[in-house]
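Visitor: The residues making up each chain are set out below.
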Amino acid sequence: MSFVKRLTGDASPRILWSLGILLVLLLVAPMMLGKYWLSVLILVLYFAFVGQAWNIMMGFAGQLSLGHALYAGLGGYIAAGLYSHYGIGPWAGLFAAVAAAGVAGAIVGYLGFRFSLAGVYFALLTIAFSEFTRVAFDHWEWAGGSGGLFLKVDTTTDIVNLRGGPVLFYYVILALAAGAFVLCRALLESRLGRYWLAIREDAEAAQAVGVPVLRCKMIAIVISAALTALAGVWNAFYYNNLFPETAFAMGRSIEITLAPIIGGLGTLFGPIVGAVVLTGLGEIFTDLGEALRIPGIKQIFYGLALLVIVMYRPAGLWPWLADKLGLKERQP
Amino acid sequence: MSGARLELEGLGKRFRGLRAVHDVSFTVPGGAIHALIGPNGAGKTTIFNMIAGALAPDSGVVRLDGQVISGFRPDRICDAGVGRTFQLVKPFKGLSVLENVTVGALHRRPHLAEAREAAAAILSRLGLHDRRHQLAESLTLPDRKRLEVARALATEPKLLLLDEVMAGLRPTEVDVMVGFLRELNQRTGLTILLIEHVMRAVMALAAEVVVVNYGEKVAQGTPQEITRHQAVLDVYLGEQEAL
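Note that the protein sequences, when read in sequence, are chains A and B. Under the numbering used here, the first residue of the first sequence is numbered 1, with each subsequent residue one higher. Under the numbering used here, the first residue of the second sequence is numbered 333, with each subsequent residue one higher.
The shape of chain A in the complex, shown without the other chains:
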């Protein structure tokens, strides 16, 4: 049980109770919610999950990736391609998807970290890889080229092939989000996690106290890429279609970063809080835009809302919220 003990560690009982209640509520949610709210909740969990994955790199290890669509896209395409061409189900296909994304992450990471590209220069490298992968997929027949790759829509529940309605996808993404949360907590409470934080704060000082900086950064990008690939697989089977123009789009990479930035970089609850707020705002502004009948008003309000949050809560919403709730997540 030492693993469980390490996980709960010095977390306050209030946090543990809140988490337990939240989990129960999420488990019974599909029985309470209608179709619309379930689809909103699915979006929230998706962004919480990919946000958690991206946060490992930026929030923990301090490495800015603006090309995470690369890993999601690769993961989705590989699993979907294997299924549509050879009938290999996603539970097997995800291993190939995770492996491919892990290798891609390792290549990007090695080029960036080995040659000491830092900050925005590293970010540019991640964008470049994502962009030229997009171009490559535009011309790759196996993946459907620019015309896209489609999965046959089938809502009869078939867990083996991840075919079914929203409820199935809800539980899968809930499991992923919860799993990523636990994994990130375990990582933070380990030597590796502390080494990441040290690298984020000052890589030179970290190396002087024995932190193998390159290796730690490589592990961060590979774990982050692998988790993001899982999100990509889920995404492909949920939406049943993939286009290079959207799967590897810059906008896709940016939206992955928003939840942790808005919620609080480097915190465990940040990506979750950020995903709730961002998805909520998105829905509200969509309704508002329809009611007002002004095209594009959604994007303007959304952008303004982000601006206000980042201006007034630059460390993210969660640290402030936790303080208000008396649930202070001890900043390690």
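Accuracy of the hints is not assured; some may be wrong.
[Claimed, not checked] Chain B is nowhere near these chain A residues, computed Cβ spacing over 10 Å in every case:
(1) ALA11
(2) SER12
(3) VAL24
(4) SER116
(5) VAL120
(6) ALA123
(7) TYR170
(8) ALA175
(9) TYR195
(10) ALA198
(11) VAL209
(12) VAL211
(13) PRO212
(14) ASN240
(15) ALA322
[What the hints assert, rightly or not] Simulated DEER-style distance windows between Cβ atoms:
(16) PHE512(B) to LEU117(A): 34 to 44 Å
(17) LEU16(A) to SER391(B): 52 to 62 Å
(18) ARG313(A) to GLY398(B): 50 to 60 Å
None of these hints come from the bench; they were simulated from the model. C-beta: ideal position from N, C-alpha, C; glycine also.
Assemble chain B onto chain A, guided by the hints.
Guide: Chain B only, in chain A's frame:
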């Protein structure tokens, strides 16, 4: 834990055209405390950076207990048993004082709880225990210097490189730090090499002093010998003339 013997042999480093360090050799026996002094820009920190692996020497070797360590990565040199502080302090600003030192302690103790305990013990010996939950960025400069020492010690080195840890401390604080280092050296036999401008500390601690100027070693001897050494007087009087 006991101290390791440090040998520098013909160490040299150039930055483009500038000869930062040239043919510097000296030895610090295991368990000794030596000081490295010289005017600003003499190459002291460059020598430290070559010992700690932050810079690779262009020529010469560094040995720790007979093993060549020069050219290794800094983290490997830390593995070998060298701990260092930075002249321009480098705390992990966003982490608490305790977590700063815990990162160092994790080097020899992979479990977080054990590392934290070891870190807390070091902090109390350096008088930082009360501040352990503060963020490192909230510390005053003297406390940040102490934090540097604590974090380096947490890696359980056999050789400790201290780069101007007394600078900015009040005389009474210097005495406390001197007392701490002397006690540490006597109790554990840790070898210490310090760069220091505070002569009060150098005189009190160092068995021998190495003087560098323009990247070259100009003298070596006991503190008493050094203060009478003509080359050393030239170095420091020359600097005064320039003022």
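Visitor: Each hint needs a verdict: does it hold in this structure or not?
Guide: Hint-by-hint comparison with the structure:
no.	hint	verdict
1	ALA11	holds (14 Å)
2	SER12	holds (15 Å)
3	VAL24	holds (30 Å)
4	SER116	holds (13 Å)
5	VAL120	holds (20 Å)
6	ALA123	holds (20 Å)
7	TYR170	holds (35 Å)
8	ALA175	holds (27 Å)
9	TYR195	violated (7 Å)
10	ALA198	violated (4 Å)
11	VAL209	violated (4 Å)
12	VAL211	violated (6 Å)
13	PRO212	violated (5 Å)
14	ASN240	holds (43 Å)
15	ALA322	holds (16 Å)
16	PHE512(B) to LEU117(A): 34 to 44 Å	holds (41 Å)
17	LEU16(A) to SER391(B): 52 to 62 Å	holds (59 Å)
18	ARG313(A) to GLY398(B): 50 to 60 Å	holds (56 Å)
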